[in-house]
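S.K.: Given the coordinates of chain Z, work out where chain V should sit on it, guided by the hints.
Note that the protein sequences, when read in sequence, are chains Z and V. Residue 1 is where the first sequence starts when you use the working numbering, and the numbers rise one by one after that. Residue 311 is where the second sequence starts when you use the working numbering, and the numbers rise one by one after that.
The set of hints was computed from the structure by calculation and includes no laboratory data. Don't take every hint at face value.
Said to hold, decoys possible - Within a straight-line C-alpha distance of at most 27 Å, the following computed BS3-like cross-link-like pairs (lysine-lysine) qualify:
no., chain 1, residue 1, chain 2, residue 2
1, Z, K227, Z, K242
2, V, K445, Z, K21
3, V, K442, Z, K43
4, V, K445, Z, K43
5, V, K442, Z, K21
6, V, K442, Z, K39
7, V, K445, Z, K39
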Amino acid sequence: MADKMATRQAYGNTLAVLGSKDENIVVLDADLSGSTMTKVFAKEFPERFFNIGIAEQNLYGIAAGMAISGKTVFASTFAMFAAGRAFEIIRNSIGYTGANVKICATHAGVTVGEDGGSHQAIEDIALMRSIPGMTVINPSDGVSAAKLIEEAAAIAGPVYVRLGRAAVPILYSEDSDFQIGKAITLREGSDFTVIAAGIMVNEALLAAETLSQQGLSIRVLDMHTIKPIDEEAILKAASETKGIVTAEEHTVIGGLGSAVAEVTAKGHPVPMEFIGIKDVFGQSGKPDELLKAYNLTAEDIVFAVGKLKR
Amino acid sequence: MDYEGLREKAKDIRIDIIRAVYSAGSGHPGGSLSAADILAVLYFDEMKIDPKNPKMPGRDKFVLSKGHASPGIYAALAERGFFNRDDLVTFRKMGSMLQGHPDMVKVPGIEMSTGSLGQGISVAVGMALTNKLDKDPGRIYVLLGDGELQEGLVWEAFMSAAHYRLDNLTAVIDWNGLQIDGKNEDVMGVAPIDEKLKSFGWETLNIDGHDIEAIEVAFARAKACKNKPFAIIAKTIKGKGVSFMENDYSWHGKAPNGEQARKAIEELGGEW
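The shape of chain Z in the complex, shown without the other chains (with noise of 0.2 Å):
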C-alpha cells in the first residue's frame, strides 16, 4: 500500500472499477480529465466518456440530461468551476430535479498551491450544503475516498464529493468500512473533541497525540460526510467531552464547523473553536506553506485546544 495518495488519484481508480461493473455508469469532464483523473475512466471506456469541453455550466446541464435520462453521472471539473461557476445549473437543474449526478470535484482548497487564490475554492462545502438534498462528502485520505465514492454510485440523487489535488497519508486499512452520513470515530478521547474532514482528518491525529503527551484525551472524529451530517456522533461528543474543535481546509464560514455549530447549538451548547480559512481568499505558494499560512495545520489543532481549555 502506497503511504500516501491524491483523493483525486482514487477517484479516477474508483471510476474505472466502478465502470467495469455497471454500463450505466457515464463520466464527464471539462478538459481537465489529466487532472481529476477522470482520464482512467475514459481510457477504459471511451464510448461512456464524455469531453464536454471549458464549458462548466454545460458540463452540468448536460450531466442533468443525462442523469434525467437514467444514466448514473459521474461530472467533474474543479471544485471552483464546480460549485463555484455552476452553481446556478447545479442547483436547479440537478438539485431541484433530484438527478442522479455525481458531483466529483477535485483541487479543492489551498493546497491546490501554486495556482493562487482564484483556483482554490474555500467556498465550495458552504454552496453545497446550501441546495436541499445534496449530499457533501469530503474524504480524508485515498481508502475513504474510493470507499465513499462507491456508496455516492449507490445511493440516487445528487451527491457533491470534494476531493484534494495534493497526495495525503493513507489513514484506513483497505478493509475498512464508511457509510455516508456515519462519522468514523478515528480515536476515543474524553477531554475534547475535534471533528475533522478532509485533509485535516491527519491534522487533528497528529494534534491529539500531541496533545496525548501533555496528558490530554482526545476523541478524532473523520465528518467524512458534511451532509447529512452525522448529529448523533456530534451530540455524543458534545456531552462527553468539553468542547469541540473543528477542523477543515475552507472558510469558516457555512463549511463543516457552521454545520457542527448547527447541531451543537440547538441540542446540546459547548465551547467550540473553528479551525479553517478565516474570510480570505488563498494565494500562490507550495501547500505545506500555504496550510501554514492559514493556520490549517496540527500546531493550530493544538492550539485552539488549548484555548478551549482556559
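M.R.: Below, chain V alone, put in the same frame as chain Z:
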C-alpha cells in the same frame, strides 16, 4: 391530425393560457401565446408520446427551455390528456402541481424542470446524447426564447450539440422579438440568429411560427437532417391572438384583469 384540427388545438391552448394566467393573477401570457401553434403541432402531431404512459420508453421528449411559458405547456399537456383541464385554474397557487415554472417532479408529461434561462437546451443536449448512446429512437425537442439566446450557456450547449452530431435534437426558437425590458435589439441584439447557429454547426430553417403547415414541414426537415442538430427559427408575434397583447412587451409577465380576460377569450373564439 389535419391542419384544421391543429389550428383548433392551438386556439384551445391559447384560451387555456388566458384562463390559467387570469385565475393565477400572474404569469407569462405573451411568450406562451407566441408559442401556442408550435406547441399544438408538437403535442398533437409531431411527438411520439402517450398521455396514459408519460414515461413510455422510446418516447420523444420536449424541454421548455423558456420555462416562463409554463401556461403554454400546461395547456398543451392538459389538452393532450396528461392531466385534467380543470387543474389549469390551480396554476401558481399554493399546493398546486402547476408551479410558476414547470416542475418535472410534480407534473406528468413535464420532462425537465426549467425556468432559469439557458439550462433547458443544455439538459436537452444531455438527453439527446444519452439517446444516441443507448440507440433510443426518441427525439428531443427544445423550445427557446429569443431573449434567452443572450444567456452564454445557450451557446455552450449549441456548440456541444454540433460537436456530438446530435441529429436527434431539434431546437425551436420562438423569435417574437421582445423581452421583459423591451425589444431584443434595444436590450441586447441577438440577430442574425440563423447565421450564428449555422456558424455553430447547426442546420437552420426560418419559418412563420404561426403557420401550422410551415411548422409541420420544418419538423419533417429536422427529422431528415443527418449528422447535425436542427434549429427552427420561428418568427412569431408575442401575445399572438389577443389584439391588445400582440407585440406589447408589457404583457410578457402580467395577468389580464377580468374584463381583459373576457375580451381575450372572446377574441380567441372561446366562451367566457
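S.K.: All the hints need checking, so say for each whether the structure fits it.
M.R.: Here is how each hint holds up against the structure:
1. K227(Z) with K242(Z): Distance of about 24 Å is within 27 Å: holds.
2. K445(V) with K21(Z): Holds, at roughly 21 Å.
3. K442(V) with K43(Z): Holds. K442(V) to K43(Z) sits at ~20 Å (cutoff 27 Å).
4. K445(V) with K43(Z): holds, 22 Å
5. K442(V) with K21(Z): holds, 22 Å
6. K442(V) with K39(Z): holds, 22 Å
7. K445(V) with K39(Z): OK: K445(V) and K39(Z) at ~25 Å, within 27 Å.
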